[in-house]
Amino acid sequence: MKIPDIRLENFVCPLPIRNDRQIVIGHGSGGRMSKLLIDTLFNKYFNNPILNRRNDFAEILLNEEHKGHKLVISTDAHIIKPIFFPGGDIGRLAISGTVNDICMSGGIPKYITAAFILEEGLLLDDLESIIRSMHETAEEAGVDLVAGDTKVVEKGKADNIFISTTGVGFVNKNLNISGQSAKPGDSVIISGTIGDHGIAVLSAREQLGFKTTIQSDVAPLNDIIQSIITAGADIHVLRDPTRGGLATTLNELALQSQVSIQIDESSIPIKKEVRSACEMLGFDPLYIANEGKVVIILPSNQSAFVLELLRKHLLGRDAAVIGSVSPPEKSPSVIMRTMIGGFRIVDMLSGEILPRIC
Amino acid sequence: MQIIEKFRDKNQIERIITKIQELVSRKWLIMEICGGQTHAIMQTGLQGLLPDEIELIHGPGCPVCVTSLELIDKAIAIASKENVIFTSYGDMLRVPGSETDLFSIRASGRDVRVVYSSIDAVKIAENNPEKEVVFFGIGFETTAPANGISVIKAKKNGIKNYSMLTSIVRVPPAMQAILESQENRVQGFLAAGHVCAVMGYHEYEPIVEKYQTPISVTGFEPLDIAWGIYSTVRMLEVGEIKVFNAYTRVVSRDGNIAAQQIIDQVYESCDRNWRGIGIIPESGWKLKPEYLDFDAEIRFKVGGIRTKESEICISGLILQGLKKPNQCPAFGNVCTPQNPLGATMVSSEGACAAYYRYTQH
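Which chain is which? The protein sequence lines are P and E, in order. Counting the first sequence from 1 gives a position; my numbering is that position plus 53. Counting the second sequence from 1 gives a position; my numbering is that position plus 468.
Keep in mind that the hints were calculated from the coordinates and are not lab data. All clues stand as given, with none of them false.
Think about it this way: if two alpha-carbon atoms lie no more than 25 Å apart in a straight line, the pair counts; the simulated SDA-like pairs of lysine to any residue are:
1) P/K383 / E/A798
2) E/K478 / P/R390
3) P/K383 / P/G238
4) E/K623 / E/I587
5) E/K478 / P/I323
6) E/K474 / E/I484
7) P/K134 / E/D579
8) P/K208 / E/N596
9) P/K123 / P/T166
10) E/K678 / E/E651
Produce the complete structure using the sequences and hints provided.
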């Protein structure tokens with residue numbers, strides 16, 4: 054009997070084709086491909102003694118400098134469409150968003166962790182750009198990425214990439230900045246123009262059919278906030294007006310502090326381009342998202358000095374006093390003196406912002 | 469923007485309001501027809517600056533608000549079908565039908581998309597030849613030509629998978645219905661500037677003649693509205709009953725002829741059911757026989773759907789100017805923008821939504 058001339062490799066189970074261009078399910082297997090992804094991409098940008106120990110946990114030694122401080126922790130999930138937009142990307146947003154939440158305590162963010170949900174088909178070049186951007190933003194904010202995780206889901210089960218970040222920081226135990234601390238007689242400051250982020254992202258969506266030069270304001274706010282904290286300002290409230298915009302944030306604060314907030318429409322800084330885009334789409338800039346602005350509520354006798362400090366900072370050049378706090382009318386509310394001298398209630402955003410028909 | 473800013477000038481507006489104060493000798497009830505005007509009045513707090521003698525009544529000029537429940541149910545029935553991409557202007561998605569809304573249909577996995585123009589919907593049809601693409605073509609005279617272009621284009625380019633669920637309503641028949649009503653309180657109108665930009669204002673002249681009610685063609689910026697109110701009050705005070713064009717930078721007597729030609733080409737007159745008001749004869753347009761291939765109601769056989777309106781909601785009385793939103797027992801408690809009972813609470817142009825957002829409740 055003649056033994057057929059069989060080549061052994063024909064019987065071997067086919068190995069997955071190595072795909073160097075995009076994320077495939079294998080990248081989330083936890084095996085060799087996952088390791089390769091982490092080694093070649095994530096570790097290229099994230100590098101610090103804590104992370105480099107390659108444990109499933111991050112150990113941080115507390116020492117003298119942490120004495121007299123409270124731990125501040127915040128977590129945030131980041132999804133955005135498109136993932137790259139004028140002025141930023143989801144990576145910069147994922148770092149800034151969480152850093153800023155920590156900053157709203159008046160504290161200093163130090164460490165950050167990130168969990169990535171990657172959709173099958175995400176381009177590796179895009180992932181690298183995002184990670185590079187996270188790295189740059191983390192450096193800018195002075196935080197170390199100390200732990201992370203990556204999972205891959207099938208095409209259609211996520212939208213390119215979702216990033217969830219958790220931040221850890223420290224705040225002096227004598228500081229008690231909180232949304233509950235606004236007092237009648239306080240002044241309300243916004244650190245710059247509103248609506249830039251929301252409109253920049255909208256204009257990057259193809260179907261909108263218009264282009265703008267507006268850049269998202271996405272940025273870590275630790276430096277500008279520390280500049281007023283270290284100057285000794287007696288800050289009552291810090292809050293970043295992200296989703297829902299300035300209107301929603303002020304309503305939240307009025308409710309939390311059980312006060313009314315009066316704002317003056319003509320003093321709210323809004324870029325001309327943002328105003329025009331809102332005009333076209335039937336949006337109100339008060340409800341458009343920001344990612345690099347902060348609302349500051351403080352005793353009115355300190356507003357001039359804090360305003361001056363803010364305006365010296367690159368991120369605070371357009372800062373303005375926009376209103377004041379008073380005892381609640383019937384119930385906590387936000388009231389605006391309009392451009393033409395009338396008055397109206399400014400309510401929270403309800404549901405999704407919808408473009409108007411005509 | 470610079471052009472618009474001029475029409476938001478505080479000093480100019482104050483000057484006109486002073487003129488109204490000097491002129492007014494008694495109470496006058498003026499209806500602003502258009503929801504866009506209602507929105508601007510509430511958003512700028514203009515009402516609070518006017519003398520107490522002037523009462524503004526908010527009219528039925530919001531396309532989202534007056535679209536009948538029945539038509540929303542038809543839209544929902546079509547959007548629920550497999551193989552359909554249902555496209556619509558954004559604010560129609562939240563309007564409650566009798567059981568659900570288009571947002572919920574999208575959440576349950578159907579393909580419902582917001583478009584900014586009907587032409588975008590035609591493009592979607594071109595790019596998805598295996599799908600049926602439907603556009604929710606509602607609106608007043610303002611959106612009628614733009615919606616009409618989509619079926620002209622689809623017909624010309626042989627795009628067979630495109631159709632439109634059409635319901636166009638017209639302002640003049642609604643004004644007449646209000647003036648004919650036994651309970652009518654309206655003494656003067658601010659006509660909707662954008663509708664007049666398309667149709668001209670000549671079609672209001674017979675209404676003024678018949679009902680002896682003055683009409684000011686009015687724009688949408690606070691200065692425009694103040695000017696429209698002033699000219700209406702002036703006509704009422706001196707008894708000079710006519711159509712006054714207070715929006716000359718946009719509106720002419722004859723309107724936009726090119727847009728009117730598209731309307732003539734695509735639509736023919738029909739009775740329309742107005743949400744909360746009922747059927748007004750000859751108050752709208754439907755597609756002409758030569759475009760019926762693009763009529764989604766026929767294509768998807770939803771013509772038989774009949775729906776009753778909510779019994780608590782008084783949006784009909786509000787749209788006719790007989791009640792104010794805050795006079796409704798459901799306002800602000802059972803009925804809110806998050807959980808609207810009627811369309812006047814849904815659309816940002818709706819009177820109830822404007823009251824909810826801009827006034828204390």
